[in-house]
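Got chain R sorted already, so can you dock chain H with the ligand onto it with the hints?
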Amino acid sequence: MSAGTLYDKVWELHRVAELPGGATQLFIGLHLIHEVTSPQAFSALEDLGLAVRHPERTVATVDHIVPTTSQARPFADPLAEEMLATLEANCAEHGITLHGLGSGRQGIVHVIAPELGLTQPGMTVACGDSHTSTHGAFGAIAFGIGTSQVRDVLASQSLAMGKLKVRRIWVDGQLQPGVYAKDLVLHVIRSLGVKGGVGYAYEFAGPAIDALSMEERMTLCNMAIEGGARCGYVNPDATTFAYLQGRPHAPSGEAWERAVAWWSSLASGPEAGFDDEVRFDAASIAPTVTWGITPGQGIGVDETVPTLEQTDPDERPLAEEAYRYMDLQPGAPIAGTPVDVCFIGSCTNGRLSDLQAAAAVAKGRHVAPGIKAFVVPGSEQVAAAAEAEGLDQVFIAAGFEWREPGCSMCLAMNPDRLEGRQISASSSNRNFKGRQGSATGRTLLMSPAMVAAAAIAGQVRDVRELLPA
Amino acid sequence: MSSPSFPMGPITGHHGRAVVVAGDDIDTDRIIPARFLKCVTFEALGPAVFADDRAELATAAAGPHPFDRPEHQGASILLVNRNFGCGSSREHAPQALMRWGIRAVVGESFAEIFFGNCLALGLPCLVADHTAMLAIQAAAGAEPQVPFHLDVAAATLTGPAGPWPLTLPDGPRQMLVTGQWDGTGQLLAHAAQLDRTRAALPYIGGF
Ligand code: SF4
Chain R
1 MSAGTLYDKV WELHRVAELP GGATQLFIGL HLIHEVTSPQ AFSALEDLGL
51 AVRHPERTVA TVDHIVPTTS QARPFADPLA EEMLATLEAN CAEHGITLHG
101 LGSGRQGIVH VIAPELGLTQ PGMTVACGDS HTSTHGAFGA IAFGIGTSQV
151 RDVLASQSLA MGKLKVRRIW VDGQLQPGVY AKDLVLHVIR SLGVKGGVGY
201 AYEFAGPAID ALSMEERMTL CNMAIEGGAR CGYVNPDATT FAYLQGRPHA
251 PSGEAWERAV AWWSSLASGP EAGFDDEVRF DAASIAPTVT WGITPGQGIG
301 VDETVPTLEQ TDPDERPLAE EAYRYMDLQP GAPIAGTPVD VCFIGSCTNG
351 RLSDLQAAAA VAKGRHVAPG IKAFVVPGSE QVAAAAEAEG LDQVFIAAGF
401 EWREPGCSMC LAMNPDRLEG RQISASSSNR NFKGRQGSAT GRTLLMSPAM
451 VAAAAIAGQV RDVRELLPA
Chain H
1 MSSPSFPMGP ITGHHGRAVV VAGDDIDTDR IIPARFLKCV TFEALGPAVF
51 ADDRAELATA AAGPHPFDRP EHQGASILLV NRNFGCGSSR EHAPQALMRW
101 GIRAVVGESF AEIFFGNCLA LGLPCLVADH TAMLAIQAAA GAEPQVPFHL
151 DVAAATLTGP AGPWPLTLPD GPRQMLVTGQ WDGTGQLLAH AAQLDRTRAA
201 LPYIGGF
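So the sequences go chain by chain: R and H.
The letter at position 468 of the first sequence is residue 468 when you use the numbering used here, and the numbering goes up by one with no holes.
The letter at position 31 of the second sequence is residue 31 when you use the numbering used here, and the numbering goes up by one with no holes.
Simulated from the structure, these hints should not be mistaken for lab results.
A few of these clues could be false.
[What the hints assert, rightly or not] As a list, the in silico SDA-like pairs of lysine to any residue whose alpha-carbon atoms are at most 25 Å apart:
#: 1; chain 1: H; residue 1: K38; chain 2: R; residue 2: P67
#: 2; chain 1: R; residue 1: K9; chain 2: H; residue 2: G205
#: 3; chain 1: R; residue 1: K163; chain 2: H; residue 2: T184
[To be verified] Here are a few chain R residues that face chain H, going by a calculated C-beta distance under 7 Å:
#: 4; residue: W11
#: 5; residue: Q40
#: 6; residue: T294
#: 7; residue: P306
[As the list claims (entries may be wrong)] Derived list of chain R stretches under chain H, where covered just means 3 residues or more per stretch with a C-beta under 8 Å from a C-beta of chain H:
#: 8; segment: 16 to 23
#: 9; segment: 257 to 271
For glycine and all other residues, C-beta sits at the position ideal for the given N, C-alpha and C.
So here's chain R without its partners, still in its complex pose (with noise of 0.2 Å):
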């Protein structure tokens, strides 16, 4: 059993009570909605007669449905102005703050609760979106939920869990150009596992990791619940410390020297005990694309798609689905598969440094014949920042979109969507069967560097080739 880690002081520091059933009540101390996940518990709440106990510990934004050409309301799709309306009105009944579109902090959940000092180490973050675990990044225990829990939150500011094990994911050496956050997490996952961490909470920890900026450290992080741990934490470090410190909602004057002695005191020490350690090289991961329908079915871009005898006996039928399903012939190369879509974005890869890492490829180039690209920024403030260095104009110059803040095709519920059999090149994290928008449609996961180079070259093409030596 883990002992003295982060994750064991968060956990303790935060236990309510034991329940009946064996699970531990746990206080959330940051709790996240948007307009998908919580118009049913807003109505179950209404069901029960129940008031959100701690509305301000509860913060809304909008981001799923938004579309990213024109958000101007009401919106085209009926549906999607529903959903708004809804989280509105239920946030102005129960006083929870809404950063709502053209308010400057509106955007993707996991990129604006960061960006705004909201995200901070040592709480317990919830949010009813799986890429909650994306706050662990600043050393806070933060997880997805259900709807059910959703409506548990609101109503009592806790949640009933059960306590994970911990293992340590050490990652030694340095990464090496061209070579990204996003590479490092999907190499991790190929290698553990989309079931590897079900069970675990994963803590990054390490040389490689203590290198990464905040964003990068999301990036990771974010992607820990596509390999089945259900949250994913780095301990908080002066990198941390620094990316927080002046945020709106950061603590400030005297209470930051506390707050960071606070918060320094919670990281896993020397003596702390895991479950379990997995150890990688930085030095030796390539840009990583995935071929199949998990984000575990990845290669390095200078691999082949691998062959049934190459894959283990168990992992068999879910590879013959993905040759069927992406036709995709096992034993050829990856490098140099067509594209028809390139979509930078999300709350995995849709932060500013994605956005110049990709912009540093885009530049003086031209996105190919035929192939549609766009760039939908991770908030209105990561929007703002990018224009202001002239990102935008980069990326219209080179041919691509550059569209309003929201999810956007990471999961198609807006009107940014595959068409048929169309194949994306796409920095988000989902290549499931329909991901993007289209039951037959095609996703390639890659970083964002790695879509500007497959949108310039119209294929999957090895960024690397494209940097300055």
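Below, chain H with the ligand alone, put in the same frame as chain R:
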């Protein structure tokens, strides 16, 4: 919120016909594609369960999808393989299964958020080991008309053959058999402890 036929109170077992949806890593996007999430109630989700898989199999040689086969209409026990329900946290997935008629799931393993969502709705998910699962699925496939009996308290499944031993962690098992799976009341019962825990957290008062 719930339609009248949704479970209430203690869930000690379930009796019903079974339907097999074979394969590992069946994610929640497949159970209920995202376009059906554009709703402010769960009511209309039943017919949309597995929509894309069903459409794909409707015209395929291997089709139709088990949920569209006449012999499985009215089935209420879903038999699956590994890592069922991975991916998105959408509670729309168990909601859609339940609104189609599923009242229990037996599989080799479940994604955690999915398992928790099911528990919160009173949909028991029990685990069989690989060999047992293949035997259960074979038995269900051979005699689709023969009902199975799932004993949640004892964690066993009996059908045309069996019984097969299953596993269900003690916590969820207790919650189901005592009827405390719908836990909001339990959480609210600890108001004083909640306030104490909250007050002790340095970040609550802004440090
Ligand atoms: S960007 Fe994608 S994964 Fe992230 S919150 Fe939106 S839909 Fe979910």
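Results of checking the hints against the structure:
1. H:K38 <-> R:P67: holds, 13 Å
2. R:K9 <-> H:G205: Given pair R:K9, H:G205 holds - Cα atoms ~19 Å apart, limit 25 Å.
3. R:K163 <-> H:T184: This hinted pair holds, its Cα atoms lying about 19 Å apart.
4. W11: Violated. Min distance 12 Å.
5. Q40: Hint holds; R:Q40 Cβ to chain H Cβ min 6 Å, cut 7 Å.
6. T294: Holds - the Cβ of R:T294 comes within 7 Å of chain H, reaching about 5 Å at its closest.
7. P306: violated, 16 Å
8. 16 to 23: Per the Cβ count (7), the hint holds.
9. 257 to 271: holds (count 3)
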